[in-house]
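Participant: So you can see what is in the structure, the chains are spelled out below.
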Amino acid sequence: DAGVTQSPTHLIKTRGQQVTLRCSPKSGHDTVSWYQQALGQGPQFIFQYYEEEERQRGNFPDRFSGHQFPNYSSELNVNALLLGDSALYLCASSSQIVWTDYNEQFFGPGTRLTVL
Amino acid sequence: AQTVTQSQPEMSVQEAETVTLSCTYDTSENNYYLFWYKQPPSRQMILVIRQEAYKQQNATENRFSVNFQKAAKSFSLKISDSQLGDTAMYFCAFMKHNTDKLIFGTGTRLQVFP
Chain A
13 DAGVTQSPTH LIKTRGQQVT LRCSPKSGHD TVSWYQQALG QGPQFIFQYY
63 EEEERQRGNF PDRFSGHQFP NYSSELNVNA LLLGDSALYL CASSSQIVWT
113 DYNEQFFGPG TRLTVL
Chain B
35 AQTVTQSQPE MSVQEAETVT LSCTYDTSEN NYYLFWYKQP PSRQMILVIR
85 QEAYKQQNAT ENRFSVNFQK AAKSFSLKIS DSQLGDTAMY FCAFMKHNTD
135 KLIFGTGTRL QVFP
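Respectively, the protein sequence lines represent chains A and B. According to my numbering, the stretch in the first sequence is residues 13 to 128, in order. According to my numbering, the stretch in the second sequence is residues 35 to 148, in order.
Since the hints were derived computationally from the structure, they do not count as laboratory data. Keep in mind that this is a model prediction, so the values were computed, not measured. Quick reminder that beta carbons are idealized off the backbone N, C-alpha and C, glycines included. Among the hints, erroneous ones may be present.
Unchecked claim - Among chain A residues calculated to face chain B with C-beta under 7 Å, some are:
(1) Gly28
(2) Phe57
(3) Gln68
Unchecked claim - Residues from chain B that keep clear of chain A, each with C-beta distances beyond 12 Å, as calculated:
(4) Val38
(5) Asn64
(6) Ala106
As the list claims (entries may be wrong) - Only pairs whose alpha carbons sit at most 25 Å apart, straight line, appear in this in silico DMTMM-like list of lysine to aspartate or glutamate:
(7) B/Lys112 with B/Glu51
(8) B/Lys130 with B/Glu49
(9) B/Lys135 with A/Glu63
(10) B/Lys89 with B/Asp60
(11) B/Lys135 with A/Asp42
(12) B/Lys89 with A/Asp42
(13) B/Lys130 with A/Glu64
(14) B/Lys130 with A/Asp42
(15) B/Lys130 with A/Glu66
(16) B/Lys130 with A/Glu65
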């Protein structure tokens with residue numbers, strides 16, 4: 013079982029550019045959540061995708077958008093990059109298929125984005 | 035809105051000793067979950083322990099245990115017999131029932147020294 017994978021590992025962009033980050037969920041998982049972790053902070057929820065639709069969204073501007081594909085993998089897109097977008101972007105996957113009282117989230121290693 | 039507060043930015047403990055990390059939270063919800071996650075230098079967030087709010091019994095996972103005080107909205111993590119591999123950032127997190135959305139605190143950096 014490969015677990016949650018993310019690509020790329022590191023990325024450097026300049027202000028105003030656009031970036032796409034990718035996430036493959038753990039085998040058997042159908043839900044993907046994205047988090048932004050600024051340096052020295054805890055992760056903050058960006059949004060969540062299930063059945064190829066955005067199901068929940070945190071307090072992030074529309075510059076942050078996403079997509080989920082039929083194979084459950086997901087992309088996070090950020091337009092018009094700002095210096096403040098520099099952070100570690102974490103992807104977490106879970107499963108809605110197996111009913112439990114809660115759905116454990118498994119995290120990937122993250123993508124470190126630096127905006128210059 | 036829910037908030038999670040970790041008031042200890044850094045903690046240190048000697049190997050084999052016991053350390054307690056503090057966490058408080060604020061919510062008006064009655065049905066929720068609380069978590070402690072570990073983030074080592076490899077950056078991958080790893081679940082350490084989970085507590086369901088409706089359970090009065092404190093959760094335990096091997097050397098890790100929690101002290102859950104629902105009325106006080108307090109959720110501390112005790113690490114017994116600390117090991118060098120416990121060195122990491124520890125995050126307390128809250129999840130409202132049926133949301134799959136985690137709300138994290140700012141973290142506590144734990145250093146275990148020989």
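Participant: Does each hint hold? Answer for all of them.
Facilitator: Hints versus structure:
The closest approach between the C-beta of A/Gly28 and any C-beta of chain B is roughly 27 Å, which is over the 7 Å cut-off, so the hint fails. For the restraint placing A/Phe57 at the interface with chain B, the shortest Cβ-Cβ distance is roughly 5 Å, inside the 7 Å limit, so the hint holds. Hint on A/Gln68 holds. Least Cβ distance to chain B is approximately 6 Å, under the 7 Å limit. The claim that B/Val38 is not at the interface with chain A is violated, since a C-beta of that chain comes within 12 Å of its own (minimum 8 Å).
The non-interface label for B/Asn64 is consistent with chain A: the shortest C-beta to C-beta separation is roughly 14 Å, beyond 12 Å. Every Cβ of chain A is farther than 12 Å from the Cβ of B/Ala106; the closest lies at roughly 21 Å, confirming the non-interface assignment. Restraint check for B/Lys112 and B/Glu51: the C-alpha separation of about 11 Å stays at or below 25 Å, so the hint holds. Distance restraint check for B/Lys130 and B/Glu49: the Cα-Cα separation of roughly 35 Å exceeds the 25 Å cut-off, and the hinted pair is therefore not satisfied.
With a CA separation close to 16 Å, the supplied pair B/Lys135 and A/Glu63 stays within the 25 Å bound. The straight-line distance between the Cα atoms of B/Lys89 and B/Asp60 is roughly 18 Å, inside the 25 Å bound, and the hint therefore holds. For the suggested pair B/Lys135 and A/Asp42, the alpha carbons sit about 15 Å apart, so the restraint of at most 25 Å is met. At most 25 Å may separate the alpha-carbon atoms for a hinted pair to count; B/Lys89 and A/Asp42 exceed this at roughly 28 Å.
Restraint check for B/Lys130 and A/Glu64: satisfied, since their Cα atoms lie roughly 23 Å apart, inside the 25 Å limit. For the given pair, B/Lys130 sits about 20 Å from A/Asp42 by alpha-carbon distance, which is consistent with the 25 Å threshold. Among the hinted pairs, B/Lys130 with A/Glu66 is consistent with the structure: their alpha-carbon atoms are about 18 Å apart, no more than 25 Å. Pair hint B/Lys130 plus A/Glu65 holds up; C-alpha atoms about 21 Å apart against a cutoff of 25 Å.
The structure fails to meet hints 1, 4, 8 and 12 from the earlier list, while all remaining hints are met.
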